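There are 2 protein chains.
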Amino acid sequence: MKSRVSIKTIAEQVGVSTALVSYVLNNKNENRINKDVAAKIRKTAKELNYQPNQIARSLKSQKTQTIGLIVADIANPFSSQIARIIEDEAKKNGYSVIFGSSDESEKKTHDLITLFVNRQVDGLIVAMPEHSEDQILYLKQTGIPFVLIDRYFPTIPANYVAIDNYNAAGKAIRHLLANGHRRVGIISYKTSLHHLNERVRGAVDLLKEEAMVGEVRIDHAQEDVIKAIDKFLAGDNPVDAIFATTNLLTIDGLKYINSLGLKIPDQLAVVGFDETDAFDLFYAPVTYVKQPMTALGQKSVKILLDAIESNGSIESAIFDTELIIRKSSVIPR
Amino acid sequence: MKSRVSIKTIAEQVGVSTALVSYVLNNKNENRINKDVAAKIRKTAKELNYQPNQIARSLKSQKTQTIGLIVADIANPFSSQIARIIEDEAKKNGYSVIFGSSDESEKKTHDLITLFVNRQVDGLIVAMPEHSEDQILYLKQTGIPFVLIDRYFPTIPANYVAIDNYNAAGKAIRHLLANGHRRVGIISYKTSLHHLNERVRGAVDLLKEEAMVGEVRIDHAQEDVIKAIDKFLAGDNPVDAIFATTNLLTIDGLKYINSLGLKIPDQLAVVGFDETDAFDLFYAPVTYVKQPMTALGQKSVKILLDAIESNGSIESAIFDTELIIRKSSVIPR
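As they're listed, the protein sequences go chains X and Y.
For the first sequence, counting from 1, position 224 maps to 224 in this note's numbering; every step adds exactly one.
In this note's numbering, each number is its position in the second sequence, counted from 1, plus 1000.
Since the hints were derived computationally from the structure, they do not count as laboratory data.
Note that the structure is predicted; figures quoted are calculated from it, not measured.
A couple of the hints might just be wrong.
Said to hold, decoys possible - If you anchor each label on the Cβ, the simulated ranges turn out as follows: (1) X:S6 <-> Y:T1155: 49 to 55 Å; (2) Y:H1110 <-> X:V37: 27 to 33 Å; (3) Y:I1331 <-> X:I318: 47 to 53 Å; (4) Y:N1237 <-> X:P238: 48 to 54 Å; (5) X:A317 <-> Y:Q1065: 32 to 38 Å; (6) X:I324 <-> Y:K1263: 43 to 49 Å; (7) X:I318 <-> Y:D1088: 53 to 59 Å.
Built from N, CA and C at the ideal position, the CB exists for glycine as well.
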């Protein structure tokens, strides 16, 4: 394969010094250079498709017009949708986005942050995994502007954009109670992530002793969702509704409920979290908590650009959610 | 906010020259430097969390252990799944992946390629949009190793990894014919993309005059899917089955068929393309063409790393697909 076109290649082809090529292509001292030679250098550079070395340039300007985005799991529709929105918004503001996926791993987050910081992105938008407090402190030390999205850490002041998770769960539970459901099984991850635990707290605070919580290990989700639902349905006082606190937990729950032959909503009501096509196409379209994805993505970019341009104060935004009510949670009378 | 820690910061704090700091941190001439001073410089660098400037370093080594990945649309489950697999495989080989989404735009692909080339990634894996032949030629000119994935251009020799699209469609149609279906509506994009047109050709070659083709504009997909299905069902000789050639076209089709109140498979059989949770959860689980995602992702990384390490010959791999047969296409007797 051909090697990349350098100033040297152009100099050899035109028959001049590399210094002269460099002067011309950087628009320096041009009035001292023969016009025909300059034109020939430019023409050759174009023909060879010469790209100025961005790395060398960056050393001078220290601005790259690039945002680094670290999502939690690129294979999760929440991550990929938010990535798309952030990209569109960044583009509107003249920024490119390069992204990586932490796959909920602290180690991978560390590697990606190091990679992006060393590649001199102008700023970062990051969905942090569990136990990543040290990474946030490190980011603060580097001085690189960053915004946390979706997940935030109440004890660490930082720019962030998130939803009101406590009230989101509250809306789901109040709806179930208003529709005659009494006892609710809550499926959530076993995690220290604040935003997910707030969803459980918002539900349990309303349900009190009528709440049953099934905790799912993220690396054994399918297996643990089955165990949780089995527990909800066993004994003298089974649940009549299920609230699943993420899109993937909802889908795993629906698959298992289907395999048990239980009719939704008649035998079991279901409320999920986040949007997916699967919810729309389900025989009883699924009631779900809808996050304002566009607002979340756009605001994270706005806060980041403010931080890049002004190095100002710490900003955060907490958005409200909407409960989209459909057949899966409403028993026809 | 604090600015990034530079050699200058460390030099000021220790009270030495920047040159001395640079010597110590780059392990140069160390036996000529006072040991205590060197230790103090190292300690200060560590305390301040100094990160060597990767950009400056890259200028020398020209190796970044980074792969750039450009997917067609990060919000599409096919893209996000393949991204995840490529990332895992790259990681196993000591490479990080940074990615961007072209959103099926030639302009965005151009911008991303320029961005990645200038950031000196060691190689690229790219799902090219329509009309991007010039971009491939440009990539060849830069000399940067690259592999096309999913989409390839038969007239341009390049590394690529893809599926046998013609036979994939053939499997779907032979299955429908074997199950008593006769007339099939094929939903596909109006595009010059070879891999999608091969899916249509594979179906039409078997169906001959019993094929009806509905072409969908990518930027008016929902609207055009409705028009296509209306056309399929109108007149004296309506279709009894639908073959949709991508996951999103399948989902839009199912939504519209649901809204018409048509029962699948009794009134209309459906075969889709690619996996999604929505197909599993549908009341008649959807028969679909399954691409070997893991093999595609892993092979693309393998070919790229071969190219990076050996600058060798052009390689390609075409994988077979599997038809996953479920209720949506089989009328119970």
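Against the structure, the hints come out as follows:
| no. | hint | result |
| --- | --- | --- |
| 1 | X:S6 <-> Y:T1155: 49 to 55 Å | 30 Å, violated |
| 2 | Y:H1110 <-> X:V37: 27 to 33 Å | 30 Å, holds |
| 3 | Y:I1331 <-> X:I318: 47 to 53 Å | 52 Å, holds |
| 4 | Y:N1237 <-> X:P238: 48 to 54 Å | 52 Å, holds |
| 5 | X:A317 <-> Y:Q1065: 32 to 38 Å | 36 Å, holds |
| 6 | X:I324 <-> Y:K1263: 43 to 49 Å | 26 Å, violated |
| 7 | X:I318 <-> Y:D1088: 53 to 59 Å | 34 Å, violated |
In terms of the numbered hints stated before, the structure departs from hints 1, 6 and 7, listed from lowest to highest.
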